[in-house]
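The listed protein sequences correspond, in order, to chains A and B. Last residue of the first sequence: 441 in numbering that gives the first Met the number 0, with the numbers rising by one and none dropped. Last residue of the second sequence: 433 in numbering that gives the first Met the number 0, with the numbers rising by one and none dropped.
Since no wrong hints were added, every one of them can be taken at face value.
Keeping only pairs whose Cα atoms sit at most 27 Å apart, straight-line, the calculated BS3-like set for lysine-lysine is:
id	chain 1	residue 1	chain 2	residue 2
1	B	K348	A	K110
2	B	K118	B	K171
3	A	K325	A	K187
4	B	K340	B	K367
5	A	K358	A	K393
6	A	K110	B	K367
No lab work stands behind these hints, which were simulated from the structure alone.
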Amino acid sequence: MTSPQTPGIQSGRLSQDQLARNFEDLHAPYDPHEAAVAADRCYFCHDAPCVTACPTEIDIPLFIRQIATGQPEAAAKTIFEQNILGGMCARVCPTETLCEEACVRETAEGKPVEIGRLQRYSTDALMARQGHPFDRAPETGKRVAVVGAGPAGLACAHRLAMKGHAVTIYEARPRPGGLNEYGIAAYKTVDGYAAREVDWLLGIGGITIEYRNALGVEVSLDGLRENFDAVFLGVGLAGVNLLEIEGGEKAGVEDAVRFISDLRQSDDLAALPVGRNVVVIGGGMTAVDAAVQSKLLGAETVTLAYRRSREEMPASGFEQDLAASKGVRLMFNVMPVAMHGNGAVREIELEYTELVDGKLQGTGETIRLPADQVFRAIGQTLAPVDGLDLEGRKVKVNGAGRTSVAGVWAGGDCTPGEDLTVVAVAEGRDAAEDIHATLMAQ
Amino acid sequence: MADLTTDFLGITSPNPFWLASAPPTDKEYNVRRAFEAGWGGVVWKTLGEEGPPVVNVNGPRYGVVYGADRRVLGINNIELITDRPLETNLEEMARVKADYPDRALIASIMVPCDEASWKAILPRVAETGCDGIELNFGCPHGMSERGMGSAVGQVPEYIEMVTRWCKQYYDKPVIVKLTPNITDIRKPAAAAKNGGADAVSLINTINSITSVDLDNFAPEPTIDGKGSHGGYCGPAVKPIALSMVSEIARNPETHGLPISGIGGVTTWRDAAEFMALGCGNVQVCTAAMTYGFRIVEEMKRGLSQWMDEKGYRSTSEFIGKAVPNVTDWQYLNLNYVTKAKIDQDACIKCGRCYAACEDTSHQAIWMKEGRVFEVNDAECVACNLCIDVCPVEDCITMERMAAGSTDPRTGKTVSDDYANWTTHPNNPMAKAAE
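Here chain B stands alone, though its shape is the one from the complex (with noise of 0.2 Å):
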């Protein structure tokens, strides 16, 4: 059995599956039972100001989007960071602490965007003996109006300055949370990179409404006929995230920055992906408030299972791989020519592949006698949408051709030579071959 075993930061953790800053780690009872379950790491709920603690609304703070049988596939919420008070969070975390040693403990913080702030709560976090902070630079919502959260993570600038305070105030790993509510990604890791930031974690929740109620024209969830955008969540994100790690782990910028992965993951595989495109561990929420904390012994042994198969013994063997593989449209081989072709035996000719190609993409699939789908490639141009919306896993397959044959749509010769746009006719900006 693989080793499971991680090191981010210097925080070693029996598995890289941390539960996130969320509610399932707003108090000790619940983090003492997810260690139970078999978790690595526990970000505790995001620690506020020293005073009278947020409050939250007393109606529904959740909404859902389901897929089908009511499967969750996106949560959004509008719950605030802890509503307890600092002194109770930070005993908790003493407590559970010293009971857990070889268990990764993180502190995230929100505080206002003053040096005093940050300055008058580090060195209390720090007596808990937690591992490290994460500064909460994500929360889309409530806490954004006062100046904090995504406010501060959506201007770079304070990103810098507030890591910079906290490197200067506590001594051990600051990982910065980042928000996804922003256009380019690169921009606040950079920043957070500067401000001396040990990493980031990514992504926070994504501005949301989940639905609208069409008897009282109110968005979900809704609080008195009121509703309210929320952080979106679960599943449903996961693209993103795994787009906006990409953009971090390749930037030069930031290239070599550790990265904790946030968004949706719920499987094994799910974090196996973040951890290609550059993640030292993950964080999940989402799924263990869908399935309880249980859901981590499929993620340890089916990570455990897919390394034995592949041969890996440690984590680090694999973080990173699929890095190289991310690049610009630029730089795709234009010569990589496929068709789609149907298997006819694992066809069960329900013809969306042909309503899809016929109706939206290139007409590109003959619909014959018997209700038999075949693939025209003089009009194929390979975009996969047959294979997309195919309920049948490998019916339809995309066929490289063969170097030296004619591509029927085209009629130009196959090359095995790799060409890209940036060297194309068409391309006016295009460098001619020296």
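The shape of chain A in the complex, shown without the other chains (with noise of 0.2 Å):
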């Protein structure tokens, strides 16, 4: 019988109940009293830090109120006003560091009120009458191409589509969603949420998605410039950082994206395999997410190698909390030099990192650990473009969301910026606006 113990890449090291329990909703929806005395302890604040703190600029204080005066439908048509997806930013969001860290009550009492998860309570109960809540604009005859249907492409679908342009989504994936659908951690979106969050975006009509259709290999974007009034690339990162330093290509050192991705699409997870020991090198979202599944899948140990100081990580102490409390150890000041092993990965050598004159170093001093599974969470880069012009390694864009290209717009991961799903979300909406605005003085 396979456990935690079993030496190498296994799967079915848990039970199927055990399995079941560590991939519960990580946090569970509020009931409707929960959410009465939660939205009770909204200020109203005027001119609302919270609203300037989100990126999408959602009227908290209001969807609150109405939350509060029982109309939580209501307070999600507030809500999707700002943000198509509202519902999955209220579990995705890192709220901590975004309108919950603004909260006039985390500076009094150190305790937020729950925005994030008042959010979810009223998408929630909108999104259960499967109603969609606006209406399409007559028909312009515009058509649109969206490239991507990650949360930027459809937040500017979505919108295009509401002021009534045709759009198509042309999608390399067999599934929409993006990230939502492939690259966040299953305990953050359970039941299928991502795929239903889309049916019902699409429900707005004038939406067509083509599957399997990636840009560069079956579209082109001189071919889309062609065929389209206007082009939003909404291609995120497809690319993956590599580790360059010796046995790094060993078997068993891995992406996280991947393994989070294989992850979310398996319909069994006692068939998934696991390393016994894992170590995750880097220290964002995506680490901390490929850590804490790991675990959660049975790993025995799990460790997360970061390079800089706690203080330096970009995942937010919510989630270094939340990988902690799962058991995940959390070492900082450390770089991989060393992947050890007879053809597949045994052990990882890191070396200790110091600060010198603001340039981080290593101090020479090393330590082994126990590895059969080493996921890469180094960061992703963008696959090249051709014809744009870019800004560092991103898609440089001007205003709303303007290339260097005429009548081709880009937004979400794939342009400078946050890389943050509401973040996408307001580029994608903002692209549209633009896009509408031109289209229409035609």
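Make one complex out of these two single chains by using the hints.
Written out as structure tokens, the structure is:
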């Protein structure tokens, strides 16, 4: 019988029951009374700091007041007006560094209004009816191509469709949702929520999705520009940074995004293999998601190795605490220097780091950890798109998502700015408004 | 520990907390439990005349108004006086009083407005050994349509007449319970005094509809799709009760008339406030209905603690102490000039003070870079709204301007002389200082 102590990369380390419990909803939904009590804590601030802190600028005090007055569905409409993926954002937003960090009750008591959970309560209430809350404007006759059915592309497509344009989304993968579907820990979006949300979003009408159509393979930017009145690129970051160290190519050294994606698409977690001793390299949300889920799948030890200090770690304090509470060991100021093992990785060698004159460098001291599975979570990169100017390693945009090529807009993780679902939604939405204004002025 | 023993009309009770005549005091079972829990006295649920008792509705008889987290702010009721036979109540009262001689037991009575009815019931009540009677001239629903309750309480002449009968046919203290559903509470209080009442108790409940069911367009509480106004009570009515109590306490005609305070008493503090405004004791109902009889323990301990802290050895030492400070608007000191001041360290930057002042007051708060809120003394009229809406206690305070300084709003020098509207030059009725 396989157990957490079974050596190597094995499936079935935990019972089905244990796995089901491990991958339950991270935050149970509020019941109506809990929501009423939580909503009542909102002070309805003037020019509320939480709204300023929200990339999509949801009118948070208003929607919370609508919950307090017994109308969660009306509250949801207030949310969706600004953020059509408000349901997913309620689940995956790092609220502790956005709206809830700005909440004046955080200042007052260290206990903010639970905006994320309230948002989920109201968006769930509306979606439970499966009614789409918006009406589509009369057809404009304009056609827009959207590349990528992730948060940016979906937000852009929805806004364009609502304005009466006909939208075709080209998606490389077989399912919509982008990182919502493939790149987020399972316990943050249970019961196929990502897919349900897209179905519901498409209820606006006027949007068709062509799956298995990747940019640069099945479709080209030139072709899209020729056939459509405008193009929006929400292609995300398809490339993965590699770990160029000794032994970095050994079996068992894998991409965290791939692991997370496989886990999300799996319908039998007991069939999913995971190492006995897992080490995750990185310090972002992807690293935490991979580490926590490795542990929940039954790995005996999981270590998250980050090369800088705790304070510099991109994953929030909440995410760090979550990982620690699930039994993940967090190591700071260590960087991988070698993988050891005969064919397959057996050990990882980490070197301690320190900041010298603002520059991170190794101290020379190393430590070896047993590892039969190592996940790289050291960032994703843009797959190049011909003809577009770049800013750093991302697509350069001006104003509301205009690229260097006329008629082509872009948003989401492929453009500069924070790589967050909520930021992608804001960029997709704002680009749609600009596309609409541009098309209607022609 | 301070002595809470209270003497009200010569009736002593171990503490000033009495249960008001209401559902909690409807029968022996409840009253015994109340006394065991420590209540100082009980006003028994109102007795009616001999004969078939009244009937109550068989659907909901209470409605409610909630605050946050379903906290009960107010309850209204359409219950009538006791619906049990008079004889049953009288027998129970006699038994309870015999077993609890140190507690106050008062009989509340409501019979038709004729001398014979009162003459008939009073000797029977006296036989129970209870310590006094309370005349229910307050119930605003059900009985009033039959010419009793507030129908009597709204006509001072009737109050005086019935009180006189009671003093004639009953030799223990007579308390007249007043309805607040009237324009000037001083009139019925004076009538009671003129009729010989030993005390008044107030307030009875206030005519109210707690809410409207928007699916059925029916007022709450709803009986088969219809509703009737009920009597409102609980914390929500306390400010109205305090004001009415103070009116009676400071009216020369009724000043000194003992008062039993009723209306939203929920904590020791509420009780202390009623007593500071002249009440010899307080009566409680809604707090007990919400939390059970055990609530009295907090009231007793709290009042005792406060008295110890203030150095009061008995309740008589602070009863009425706030009465001299209740005055008419025209006598308020117009030279008392204050300005709001915001403690920047305590401020959590919610901006509620700003919204309130900017939208609904005097545009006297600046919102500066970085959500810094500051008071503009040149516009601040000291209205207090910013303090009222601020969620942080003591973050905003009213600071008195020192005499000799200049009020930047009026440009006038602040004086520490007392000056009020009666002598103000803008007052056409002002009498020039001689």
